[in-house]
Amino acid sequence: MINLGKKIIYQIYPKSFYDSNGDGVGDLQGIIQKIDYIKKLNVDMIWFNPFFVSPQNDNGYDIADYYNIDPRFGTMADFEKLVKKLKEIGVGVMLDMVLNHCSTENIWFKKALAGNEKYRKFFYLRKGKNGGLPNNWQSKFGGTAWSKFGDTDYYYLHLYDPTQADLDWHNPEVRKELFKVVNFWRSKGVHGFRFDVINVTGKAEKLVDSTDPVEEKSLYTDTPIVHKYLKELNAATFGQDPESITVGEMSSTTIANSIEYSKPSEHELSMVFTFHHLKVDYQDGEKWSKMPFDFMKLKELFTEWQEKMDQGDGWNALFWDNHDQPWALTRFGDTGKYRGKSAEMLATATHLMRGTPYIYMGEEIGMIDPDYSSMDDYVDVEAKNAFKALTKKGLSDKEAFEIVKSKARDNSRVPMHWNSEKYAGFSEHKPWLIPTDQEKINVEEELAHGEIFNYYQKLIKLRRSEDLISDGHIKMFLKDDPQVFAYERYLKDSDKKLLVFTNFYGKEHSVKLPEEYQNKEYQVLINNYDTKDSQLTDEIILKPYEALAIKIKQ
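For reference, each letter of the sequence shown is one residue, going 1 to 554 in my numbering.
Check before you lean on any hint, since a few could be wrong.
As the list claims (entries may be wrong) - The list that follows gives simulated cross-link-like pairs (lysine-lysine, DSS-like), each with its CA atoms no further than 25 Å apart:
{"no.": "1", "residue 1": "Lys297", "residue 2": "Lys512"}
{"no.": "2", "residue 1": "Lys180", "residue 2": "Lys84"}
{"no.": "3", "residue 1": "Lys121", "residue 2": "Lys231"}
{"no.": "4", "residue 1": "Lys384", "residue 2": "Lys87"}
{"no.": "5", "residue 1": "Lys297", "residue 2": "Lys287"}
{"no.": "6", "residue 1": "Lys6", "residue 2": "Lys110"}
{"no.": "7", "residue 1": "Lys118", "residue 2": "Lys40"}
{"no.": "8", "residue 1": "Lys393", "residue 2": "Lys287"}
{"no.": "9", "residue 1": "Lys140", "residue 2": "Lys475"}
{"no.": "10", "residue 1": "Lys337", "residue 2": "Lys440"}
{"no.": "11", "residue 1": "Lys118", "residue 2": "Lys39"}
{"no.": "12", "residue 1": "Lys180", "residue 2": "Lys217"}
{"no.": "13", "residue 1": "Lys279", "residue 2": "Lys475"}
{"no.": "14", "residue 1": "Lys551", "residue 2": "Lys6"}
{"no.": "15", "residue 1": "Lys458", "residue 2": "Lys40"}
{"no.": "16", "residue 1": "Lys228", "residue 2": "Lys263"}
{"no.": "17", "residue 1": "Lys188", "residue 2": "Lys206"}
{"no.": "18", "residue 1": "Lys39", "residue 2": "Lys84"}
{"no.": "19", "residue 1": "Lys388", "residue 2": "Lys217"}
{"no.": "20", "residue 1": "Lys290", "residue 2": "Lys507"}
{"no.": "21", "residue 1": "Lys140", "residue 2": "Lys440"}
{"no.": "22", "residue 1": "Lys461", "residue 2": "Lys507"}
{"no.": "23", "residue 1": "Lys440", "residue 2": "Lys458"}
{"no.": "24", "residue 1": "Lys39", "residue 2": "Lys461"}
Note that these hints are calculated values from the structure, not bench results.
Work out the full structure: start from the sequences and follow the hints.
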């Protein structure tokens, strides 16, 4: 069985990694050309965002053909070459499976529109009621979740963009078709799968009205049947492969469900992505708002999820950044004086926890949100919709823009900064999204003079060599400290212990060690400043954004 605790996964957003043919869009050949860099990363697997045939209304999460590579990214031969090249350096492939919905350009939806009864049953088609829509559900991208189904008197459900029609998993034919997709890519040498918003596949057959937005989510999120679907998916596909690593993106999930999704004995998934910790700068739960992050809430969420998932034998995917989030360094760190130290501190906080760490491309060089000046700089449909909604609420264009600028998904989708050139060495032509700050933050500069990349390498090596990190349990301490996030890693049948301290602010702070750890010998496992091994006193002074992990010598 794979030891998930020793694995490190790197995420590549293909559209923004490297453009090999000068069309302004990253592609598979571009990734192949950066194999030497990928080798330097020293990771175990790469999760690729979708590069299947798509109209790109939601950046590839609207799939028109699950079996072919979108020509803008390359060919199947390119993909096969990429898998082969990665295998040669010991790196596996994780593909993004978007199985809750498909593009309205997909042949299944087209056949349904043409009146084919078999394919009509692939979607949630409902008649309106009382002269209105089938129910009052809202799309997660804003507006109603229903659109007219051709020139019929039916509507189809889309929890996301109107061009992303939800697939009806109640229909066994749908599930069989989707399992075929997973097995096709397994036959191409793929051992990893990330399942997009997989916990919203369990919508009821009777789609009732909701009473409020919170209750509405519960009508289609984490319903009991999702577990049945995942067990079926596991048995029919990746569960047959002892090397498989799977992760479910779990929208608005709970700890109890996440334990069941990821507990090995349940035979569902290897681990889960959850997002509660990335909502601590949402004013009253509203994403499109601007406020400083709530540090105590962040600690509370990490504590609850880490300890309870551990107790229940569930498994977390550990991450700060991905293609749907603004950069964590801008949100939780210091992008100026302490950019390096705060990047390292944030990495330490998650990498030494219990779970499997994910690194999003550019995180390892300390990338930050782009400095855009107008809505014209953004491409993402969600950001544009949010700007309209905010101005409609009465905010000025300036106020609405400041909020969008702090939360837009495009922030992390900017092209990878390879060097300081005009287009960051990503392309010789104008890219689909414009990079900023590449003159000071780029791979070339980081590898030559920086410290963040090398620090990530230390964290990766530690996870592979130190059982306390890969296999240990977790217990939080200093829970009431307003500035420091700290925890202990331990093994049940051992007296070895590891203590981790991370200072989330740009000022010095002293922490008192719990009594049981005072006056002990300790070894510094990692520190983003230069702390030498020494005797533990009852007080440690942490420098601005300091990260310190010490192993107790019993």
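The hints, checked one at a time:
The straight-line distance between the Cα atoms of Lys297 and Lys512 is roughly 21 Å, inside the 25 Å bound, and the hint therefore holds. Restraint check for Lys180 and Lys84: the C-alpha separation of about 23 Å stays at or below 25 Å, so the hint holds. Simply put, Lys121 and Lys231 have alpha-carbon atoms about 23 Å apart, close enough for the 25 Å limit, and the pair holds. With a CA separation close to 40 Å, the supplied pair Lys384 and Lys87 exceeds the 25 Å bound.
Among the hinted pairs, Lys297 with Lys287 is consistent with the structure: their alpha-carbon atoms are about 16 Å apart, no more than 25 Å. Note on Lys6 and Lys110: the hinted pairing is violated, with a Cα-Cα distance of about 44 Å set against a maximum of 25 Å. The hinted pair formed by Lys118 and Lys40 fails the criterion: a straight-line CA distance of about 49 Å is larger than 25 Å. The straight-line distance between the Cα atoms of Lys393 and Lys287 is roughly 15 Å, inside the 25 Å bound, and the hint therefore holds.
Distance restraint check for Lys140 and Lys475: the Cα-Cα separation of roughly 35 Å exceeds the 25 Å cut-off, and the hinted pair is therefore not satisfied. The hinted pair formed by Lys337 and Lys440 meets the criterion: a straight-line CA distance of about 13 Å does not exceed 25 Å. Using a Cα cut-off of 25 Å, the hinted pair Lys118 and Lys39 is violated, with the two alpha carbons roughly 47 Å apart. For a cut-off of 25 Å, the pair hint linking Lys180 to Lys217 is broken: about 29 Å separates their Cα positions.
Proximity of Lys279 to Lys475 is assessed by CA-CA distance (about 23 Å); at most 25 Å being required, the pair is judged to hold. For the proposed pair Lys551 and Lys6, the alpha carbon gap of about 18 Å is at most 25 Å, so the pair holds. Restraint check for Lys458 and Lys40: satisfied, since their Cα atoms lie roughly 12 Å apart, inside the 25 Å limit. Taking the CA atoms of Lys228 and Lys263, the gap is about 14 Å. The hint holds against a cut of 25 Å.
Restraint check for Lys188 and Lys206: the C-alpha separation of about 38 Å exceeds 25 Å, so the hint is violated. A distance of roughly 14 Å separates the Cα atoms of Lys39 and Lys84; the hinted pair therefore holds under the 25 Å criterion. Among the hinted pairs, Lys388 with Lys217 is consistent with the structure: their alpha-carbon atoms are about 23 Å apart, no more than 25 Å. As the CA atoms of Lys290 and Lys507 are separated by approximately 23 Å, the hinted pair is consistent with the 25 Å bound.
For the proposed pair Lys140 and Lys440, the alpha carbon gap of about 36 Å is over 25 Å, so the pair is violated. At roughly 29 Å between alpha-carbon atoms, Lys461 and Lys507 are farther apart than 25 Å, so this suggested pair is violated. A distance of roughly 23 Å separates the Cα atoms of Lys440 and Lys458; the hinted pair therefore holds under the 25 Å criterion. Restraint check for Lys39 and Lys461: satisfied, since their Cα atoms lie roughly 14 Å apart, inside the 25 Å limit.
Hint compliance for this structure: hints 4, 6, 7, 9, 11, 12, 17, 21, 22 are broken, all remaining hints hold.
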